[in-house]
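Respectively, the protein sequence lines represent chains A and B. Residues 1 to 112 in the working numbering are what the first sequence spells out, letter by letter. Residues 1 to 111 in the working numbering are what the second sequence spells out, letter by letter.
Because the hints were derived from the structure by calculation, they are not lab data. Misleading hints may appear alongside valid ones.
Stretch-level coverage of chain B by chain A, calculated; a stretch enters the list once three of its residues show a Cβ under 8 Å from a Cβ in chain A [stated by the list, open to error]: (1) 70 to 83; (2) 101 to 110.
From the structure, some residues in chain A lie toward chain B, with a derived Cβ separation under 7 Å [to be verified]: (3) Y39; (4) K42; (5) P44; (6) G105.
Glycine included, C-beta positions come from ideal geometry on N, C-alpha and C.
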Amino acid sequence: QKEVEQDPGPLSVPEGAIVSLNCTYSNSAFQYFMWYRQYSRKGPELLMYTYSSGNKEDGRFTAQVDKSSKYISLFIRDSQPSDSATYLCAMSTNNYGQNFVFGPGTRLSVLP
Amino acid sequence: GAGVSQSPRYKVAKRGQDVALRCDPISGHVSLFWYQQALGQGPEFLTYFQNEAQLDKSGLPSDRFFAERPEGSVSTLKIQRTQQEDSAVYLCASSPGDTQYFGPGTRLTVL
């Protein structure tokens, strides 16, 4: 079993839909949680950075962490075709920018 | 530019050739990371530098892989005697201390 699991998709939704992307993990020492967006043939781009349990909102994006269930989510409201990309979750036991463990990514397509 | 840059963006090598991949981190970022990303997978950690010191190389898959950052800025990942299984995207990331910012990657294809 991998340390971080993520449904690879592909996930196809119509424009304007609410998208829910999820990761589960096994290491209870993870404290810091990130979501990256990766367009085809580009490097990952940081979207959200959260610490411990709770919600964090940034524009159309909301990150949710449930440490008791070892489950994190990224919600995208009013999805746009430009949101079509692979979404990677990453997590770490420290806030020094080290020891990131990534999920395999979920490929999202938002259809116009 | 203000971001992490990598060169070349694409590299085709014949099996057995040596390759060198370059990373220019964001100016002032102390930490630098190399990752390998296979198709359809997330990035897998290779090695980590803090300034010029290589503090963790536990992810390097074999002794054919070597990384350096001699002056604490630009880094080079070298792969000797490339094999087909080395075909992947090699990502570099730099960090100011909390999270990581990635370059566009170098896509290596070994024929």
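Comparing the hints with the structure gives:
no., hint, in the structure
1, 70 to 83, "violated (count 0)"
2, 101 to 110, "holds (count 6)"
3, Y39, "violated (10 Å)"
4, K42, "holds (6 Å)"
5, P44, "holds (5 Å)"
6, G105, "holds (5 Å)"
The earlier numbered hints that this structure contradicts are 1 and 3.
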